[in-house]
Amino acid sequence: MKEQMQKLSGWGRTPTAMSNVVTPESPEELRSALRHFAPGALRSGMIARGLGRSYGDAAQCSGGTVFDMSGQEVLLREDLESGVISVSSGMSINSLLTYLIPKGWFLPVTPGTSFVTLGGALACDVHGKNHHQDGSIGSHVREFKLLTPSGIVNAKPSDDTSEIFWATVGGLGLTGIVEQVELSLLPIESDQMLVTTQRAQNLDELIELMSSTDNLYRYSVAWIDCLATGGALGRSVLTQANHATSSDMPRKTTRGVSGLLHQSISGFRNSTSKQLRTRISIPVTPPVSTLNRLSVSAFNEVWYRKSPAKSCTELSPIPKFFYPLDAIGHWNRLYGKNGFIQYQFVVPFGCEPELRSILEILSSSRLSSFLAVLKRFGLPSGGYLSFPTPGWTLAVDIGLANPRVGSILDQLDEIVVGAKGRVYLAKDSRLDPRHVERMYPELEKWRAIRDRLDPKRLMASDLSRRLELI
Amino acid sequence: MKNSLGQPQSVLVLGGSSDIAKATVKRLIAQRCRRVLLAGRRQDELDSAANEILSSIVPTLNASSPAPEISGSLTNSIPEVFTGYFDAFDRKNHHNMIEECFSKLGQIDLVVIAFGLLGDENLDDPSSVLNVIDTNYSGVVSCLLQVAHQLKTQGGGEIVVLSSVAGVRVRESNLVYGSSKAAIDSFCQGFAEKIEGDGIRLHIVRPGFIHTKMTRAMKPSPLSRQPEDVANAIVQTLGTDKVIIWVPPAIRLVFMILQALPRSIFRKLPI
Ligand SMILES: Cc1cc2nc3c(=O)[nH]c(=O)nc-3n(C[C@H](O)[C@H](O)[C@H](O)COP(=O)(O)OP(=O)(O)OC[C@H]3O[C@@H](n4cnc5c(N)ncnc54)[C@H](O)[C@@H]3O)c2cc1C
Ligand SMILES: NC(=O)c1ccc[n+]([C@@H]2O[C@H](COP(=O)([O-])OP(=O)(O)OC[C@H]3O[C@@H](n4cnc5c(N)ncnc54)[C@H](OP(=O)(O)O)[C@@H]3O)[C@@H](O)[C@H]2O)c1
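Chain order of the listed sequences is A and B.
Position 386 of the first sequence, counted from 1, bears residue number 386 in the numbering used here, the numbering being contiguous throughout.
Position 16 of the second sequence, counted from 1, bears residue number 16 in the numbering used here, the numbering being contiguous throughout.
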């Protein structure tokens, strides 16, 4: 088992401190490591880490122990008749999809990158572009094995372990370490998406368009140009999609030996697995952010003009539709050595005026945001600390060059809290702890269940300390 | 735990009644700082420092338009300010005193080493000369070693040390104080490199003339500033890799010129 002092940070690469990173190579090693490090954790804490794609400090523990789970990718059981699979928590969505797609199965929920582990996805109760239809990943998990400081639990959503289940789904790793996950899959007929793309000139148009058409699509997401102001505020490109069925696929015509036209209707090409793997990479960190306002606004302009003026529908491969950024390795380095913040919040339906105020502040303060992503959330999963609640959710990347970033985001928090909304803790690195209780009304309940599983409070992360969660 | 903007949540001040430190803590509790420990040798001074710090946010509690940094729903919760005994001369107790500070606050994001002694520059009184060296150099070094050890154990943190422009080129009129600051400044430059690998950042502040109780009896020099200016410079630097902070920034140029002057000219300057 490897053990090493390491400077860890989240995907936002904001500066951070040292943790002792332990890499167990098997479930046995993990369990003995847990026993070994537990006494020290009394003082300095311990936490699991997946692929470190949460943006802030959820998966690190300064001065404490971090269990790197990402190396263990084991497929434990599969039932591809009924679409149920059981994997080790370190399995990445990328590896799993490479295996599943050619067999006609997909994950019921996937975030905007495939480089996350299932343990990390569960601990953040991640959502995808289909939240308005399918909810978050917690709603599709059938069972998981959890190692807590007080013992091992197989937790299910609706038996006498359900409280443990819903404290762990979205529980940011603070109830213990998830060792295995069993989840239901989504059948697909092809590896292509049927994607409808259209522009919206401003926020009103976008809200109207999404509200009236999202029910026709499993997936829906809008990319808003944050630098557009005034009448163009909220100018955006909306993409909505369904999995292409075999009848949506172009019929590949080949001339058979007999000379007759022979039609192939197989929806699966080998290219998808290859695309899930190929990447180019940003090799080194530029000393200062290469994303200044000029480069961003030029990009946004080209991007908006390039999108079709009229609604258009076309086929698109799964990786291109779900994971456009995965094609560029380490794109987070573009923000320079100081890193960046991703701010994501949700406000309930009916709070469109608040959504507009926030967008106005973002665009007028020119925090140099590429694009903001707007989605509609459907029903919550039931996780006590899960982020998604019905409403509008907006996510923006914000570089740290502007010295007003802190106070502007504090101002946005006030609007969000006032609207009974919340910010996404998996992406947070700067929220005021005094907001958490109001944003997450089930925090007290979660604390009580968590304390039962970990009475000595061994589990801790920099995030849990910063937000005073425990 | 400090956040991604470098804003600390818990702060330890050694020399808790220093005017510069008070101004700095006031700025920090207007951001994310929730727990402060002011350590010093005179309880009455520490108590009044704690009161002054807390009352700096209380007016915003009643104001109709809240200050920009503490606003809306947050105005009702007040940070905790503790005080504790600490004497820079008492070096054999530094280990215990500093360990106690860490166990009291738990995680400490930022340690400000603000104590300092100006002295009277009376070379006929060797013990007063050595007091200055003991405070500004040996005292600070002793604390730094203990603090760095504690910070390393918790995975990292940040340290601010108050040096002074007086150490940049020492004059006849302030040679005791100036040399003690020169010594601690040099030590810190090397020490900053040494502890970087432990996740610890060290910032060295070099203020010019600042209006505080230390300089009350002195004639202000040009470019003199207020404690709040030092506080602002410190707050802006937290979370960055910048090691040396000049306050005001322009004084850096003045001292670069002074440093370059030949001795024959420098000794004739009326400074
Ligand atoms: C480009 C990009 C796009 C994204 N898009 C979305 C999106 O659309 N929707 C969304 O919801 N999120 C999104 N995210 C966030 C990301 O999906 C989550 O942060 C996810 O949790 C990351 O998984 P990870 O394996 O990297 O976990 P880490 O970041 O390593 O850890 C995240 C949390 O999970 C816990 N954890 C990890 N493994 C385990 C385990 N085995 N047992 C218990 N706890 C564990 C950690 O303690 C930590 O609290 C995106 C991130 C990026 C970089
Ligand atoms: N003011 C300036 O112009 C200026 C310029 C450059 C640098 N500095 C440096 O900035 C730092 C802060 O100074 P300041 O301007 O804020 O002055 P200050 O208000 O006088 O603060 C100095 C503090 O040091 C404390 N102290 C002195 N000796 C101590 C000891 N042995 N043990 C514990 N505490 C001791 C004093 O506490 P007691 O009440 O116990 O004496 C006092 O609170 C000092 O290091 C100073 O050298 C100041």
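Where hints are given, some of them may not hold.
[Claimed, not checked] Think about it this way: if two alpha-carbon atoms lie no more than 20 angstroms apart in a straight line, the pair counts; the simulated EDC-like pairs of lysine to aspartate or glutamate are:
1. Lys104/B x Glu468/A
2. Lys152/B x Glu3/A
3. Lys7/A x Glu52/B
4. Lys337/A x Asp44/B
Rather than coming from a laboratory, the hints here were simulated on the basis of the structure.
Results of checking the hints against the structure:
1. For the hint linking lysine 104/B to glutamate 468/A, the alpha-carbon distance of about 16 angstroms falls within 20 angstroms, and the restraint holds.
2. This hinted pair checks out: lysine 152/B and glutamate 3/A have alpha carbons roughly 17 angstroms apart, not beyond 20 angstroms.
3. About 38 angstroms separates the Cα atoms of lysine 7/A and glutamate 52/B, which puts this hinted pair outside 20 angstroms; it is violated.
4. With a CA separation close to 44 angstroms, the supplied pair lysine 337/A and aspartate 44/B exceeds the 20 angstroms bound.
Hints 3 and 4 from the earlier list are contradicted by this structure; the remaining hints agree with it.
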